[in-house]
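Student: Model the full structure from these sequences, guided by the hints.
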Amino acid sequence: AQSVTQLGSHVSVSEGALVLLRCNYSSSVPPYLFWYVQYPNQGLQLLLKYTSAATLVKGINGFEAEFKKSETSFHLTKPSAHMSDAAEYFCAVSVNAGGTSYGKLTFGQGTILTVHP
Amino acid sequence: DAGVIQSPRHEVTEMGQEVTLRCKPISGHNSLFWYRQTMMRGLELLIYFNNNVPIDDSGMPEDRFSAKMPNASFSTLKIQPSEPRDSAVYFCASRQNSGTYEQYFGPGTRLTVT
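Top line first, the protein sequences correspond to chains A and B. Okay, so the first sequence: first residue is 2 according to my numbering, each after it adds one. Okay, so the second sequence: first residue is 951 according to my numbering, each after it adds one.
Hint data in this document are derived by calculation from the structure and do not stem from the laboratory. Be aware that a few hints might be false.
Stated by the list, open to error - Computed cross-link-like contacts, DMTMM-like style, restricted to lysine to aspartate or glutamate with a CA-CA straight-line distance of at most 25 angstroms:
| # | chain 1 | residue 1 | chain 2 | residue 2 |
| --- | --- | --- | --- | --- |
| 1 | A | Lys70 | B | Glu1052 |
| 2 | B | Lys974 | B | Glu994 |
| 3 | A | Lys69 | B | Glu1052 |
Tutor: What follows is the structure, encoded as C-alpha cells:
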C-alpha cells in the first residue's frame, strides 16, 4: 500500500523568501504524485502533478516540485513567497495497481504555510 | 466548465436528524469520491464510485452513513441519524479514468451537528 509523509505540519516564511514543503512517499510501484493547495473555506486545488515524464514539474502560481526516486521524495518549492501563498498544502500519491484500486489518492496530513510581511 | 458542484455549502442540524449532501461531478468524469475533513483526522476517503458503481466503501465510518450514485451526474451522501461527531467538512471529487488520475474537488459542505 502507498503512503505519504509530509514533514512539518506548519511552515512559516517571510515574504520573498524561499518556500520548501517536504513530502516523502512510499510505494511498491511507480507512483503518480500530486500537490494540492487548500485556501481557507475552499476545496482542494491541483497545483502540479508528476506522471513519470520530467522529474522537475512546474505548476501554477510559480510552484515546482522535483521527483527524486532515490530519496522517495517530492518536495514542493517556490523561489519567492507571496502573501497570497498562505494556505494548507497537501501531497498525495496514487498508484495504478489495477484491479479495483483505480488510482485511489492517498493524502499526507497537510502543511500549513504562513507568510509574514 | 462549472467544476464539481456541492450543495448545500453549509448545513446545521440537530443530533438525530437525517442529513443529505449532494454532489454533481464534472461532466464526462467516470469516478466520484466522497471525503471527510476534520482537524483531528485530516482528509479521509469515505467511499468512491466508478461508472456509478460503489467500488470501495471501507472508509464509511458506520452504518449511519450511506452513499448513492443513481446516474453519472449526481451523487448523495446521507447520514441517518446524525451525531455531533459527524461535524466536519465533506468534499466530493471527480476524475476521469484515464491519464494521470488527478481528482478535482468541489467547494465542500460544512456540516455542524448540535
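Student: Confirm or reject each hint.
Tutor: Here's how the hints hold up against the structure:
no.: 1; hint: A:Lys70 x B:Glu1052; verdict: holds, 20 angstroms
no.: 2; hint: B:Lys974 x B:Glu994; verdict: holds, 20 angstroms
no.: 3; hint: A:Lys69 x B:Glu1052; verdict: holds, 20 angstroms
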